[in-house]
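Generate coordinates for the entire structure from the input sequences, incorporating the hints supplied.
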Amino acid sequence: MRIVVTILAVAALASVPLWLRDPYLLNALITTGIFIIGAMSLNLLLGFTGQLSLGHIAFFGIGAYVSALTSLGFDIGLPGGVRLVHEPWPPIVGLVFAILIAGLCGYFVGLLSFRVRGAYFVIVTISFAEVVRLVALNWVELTQGPLALTNIPSIVLPLSGFGELTLRTKLQNYYLVLVVALVAYLLIARLVHSHFGRAMRGLMENETLAVSVGIDVTKTLTLAAVISAAIAGAAGSLYAHYIRIIDPEVFAFINTVTMVIMVISGGKGSLAGPVVGGLIFGLLPVALRPIMAPEAQWIAYGGVLMAILFVLPRGIVPSLAQRLVRRRSGTAALAPVALAETAAKEQA
Amino acid sequence: MSEFLQHLVNMLVLGGTYALLGIGLTLIFGIMNVVNFTHGVLYTFGAYVMFIVVQQLGLNFFLALPVAVLAGWLLGAAIELTLLRPLRGSDIDTTMLVMIGAWIAMQSGTLWIWGGVAKSVTTPFPESPLVLGPVSVSWLRLFVLAAAALLIVVTYLLINKTSLGRAMRATFQDHDTASLMGVNVDMIYTSTFAIGSSLAAAAGALLGPVYVIFPQMGDLAAVKAFAIVILGGLGNITGAVIGGFILALAEELGAGYVSSGYRDAMGFLIIIAVLIFKPTGLFARAERVG
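So the sequence lines, in the order shown, correspond to chains A and B.
Per my numbering, the first sequence starts with residue -2, numbered consecutively.
Per my numbering, the second sequence starts with residue 24, numbered consecutively.
Rather than coming from a laboratory, the hints here were simulated on the basis of the structure.
Quantities reported herein were computed from a predicted structural model and do not represent experimental measurements.
All residues carry an ideal CB built from backbone N, CA and C; glycine is no exception.
The reader is advised that the hints may include incorrect statements.
[To be verified] Covered stretches of chain A (chain B as the covering partner; in silico rule of three or more C-beta atoms under 8 Å from a C-beta of chain B):
id, stretch
1, 114 to 128
2, 249 to 263
3, 304 to 318
[Stated by the list, open to error] Here are the computed lysine to any residue pairs in the SDA-like style, where the Cα-Cα straight-line distance is at most 20 Å:
id, chain 1, residue 1, chain 2, residue 2
4, B, 301, A, 112
5, B, 301, A, 109
6, A, 216, A, 188
7, B, 301, A, 114
8, B, 142, B, 78
9, B, 142, B, 237
10, A, 167, A, 8
11, A, 216, A, 206
12, B, 301, B, 273
13, B, 301, A, 105
14, B, 301, A, 115
15, A, 216, A, 114
16, B, 184, B, 206
17, B, 184, B, 201
18, A, 216, A, 190
19, B, 301, A, 108
20, A, 216, A, 201
21, B, 301, A, 113
22, A, 216, B, 299
23, B, 142, A, 292
24, B, 142, B, 243
25, A, 167, A, 21
26, B, 184, B, 205
Encoded structure:
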């Protein structure tokens, strides 16, 4: 059943460029898709380990900058009079580096998450993102600072026997994003249903119990952070090569908030959640644009976030799924869950 | 040497307002366990109240400050009653995200009403600074320092010498026991949030005229407030005051001797360093709640 729904959803998304010719809408779909990949990676941390990273855009931005710099080349002076010169490499290598270096940053943040949890982890991740933003803004020799890195090349796919394919059009980029999103989705699905996924959930539900049955907290949380950061880095790389211009504003806190809203509204801890939430919130500005001033759109954005937390605190996908299950199997089959829910309410 | 003295004087002025911001947030964070992302908006709000009262209504500069404090108190109480009270008992992530939603909505509202162009407030103080040997300081900044010091002392007395303050401290230590002893915890939460918000508004109203007033001015202020709270330890008012001055000193020295571009990075670096090496804050006496 779940596989059928997934295949139908992918087929529907793949068919979009066949009937949608409007370049503005296609562009909105591509950037939304890139942010959905970021949201899926955030969901791996937030939904399956319970750690809220509000600096997630740092990994995305690091991926974007690494990929852009790899494919543009740079020439910087290091302390001690040494010059570091890098000749441009193909963008696809940039994508690989983006994944590796973002993952490495995820490793350090993951180590930190072992020391501080909850609100403190949130504040550490925000600080990390802001420090990275300030470095991107001030290290002008490497990043051009506020002048931005421009003319970032499009991704070139080497096709064996047929030369190369440069992904320049919106159509090509749409399918590129779709493929990467699908790979990320399957990877996360695979992880979550593995032994490692059960260890993450065990830690989230009851850390003391999880530790007592032999789950390694540091290893599990760090690995989750590395994979999450690496996927976010891949999304950042796609963004850099699609938009083809990157400035320190990519690290803006509001971009993290966008990802968080996608995850929370869709349903954290649900694989489809970030996709559904991402499509709604990524396309909401497109829908609101004709009827509202940009400032009013953001007011609506904040309002909708609060409303979702009040009305659907578990998110759209889990709430709908629960309703569906209840209808199909009647209330009797759900009795234990209902019992547990009542008990939980009474406790609270 | 004279440059260093000048940095110290600047640190005093900046530190006073940072301390106000930090006290407000440490009360809310410590007592209510709410990661208050609207703190920066309240700071912005205080500055805009100053702008409205002085520039748009043409009233007295010294009158505008108490008006800003009162307006911050009212807005804080409104936020607590409408957004936080219904969510009592839900987990810390949910309230934090609701606060983020409120922050986005209010900041965009400010941008919508007043636009993105920076505003400035004319002050009754003379243009020429007070020169004391090698250092000079403007009269406006001296006033800011004095007003901040006054507000810090008032808050300290409120927390330590009044029955409301005693109830707040009891709630901080153990809200169940406080509730059993007859403390109206709901009322304490609303008062705490209102007081914390009024202090943030006061900081904005004081620093707004020193710099310029624009809708996003509160974003950095909020992060700095978090840095101060983490430095000083949760719910620790003295810690927040010292933390405010340490952050101001780090920024002044960082801007003066490293690079002015990294001035605002100091707060973030302090947060990361403190949480790695001493997560309970620099002045923690014992294990803290939260």
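(request) Compare the structure with the hints numbered earlier in the document and write down the numbers of the violated ones, lowest to highest. (result) none
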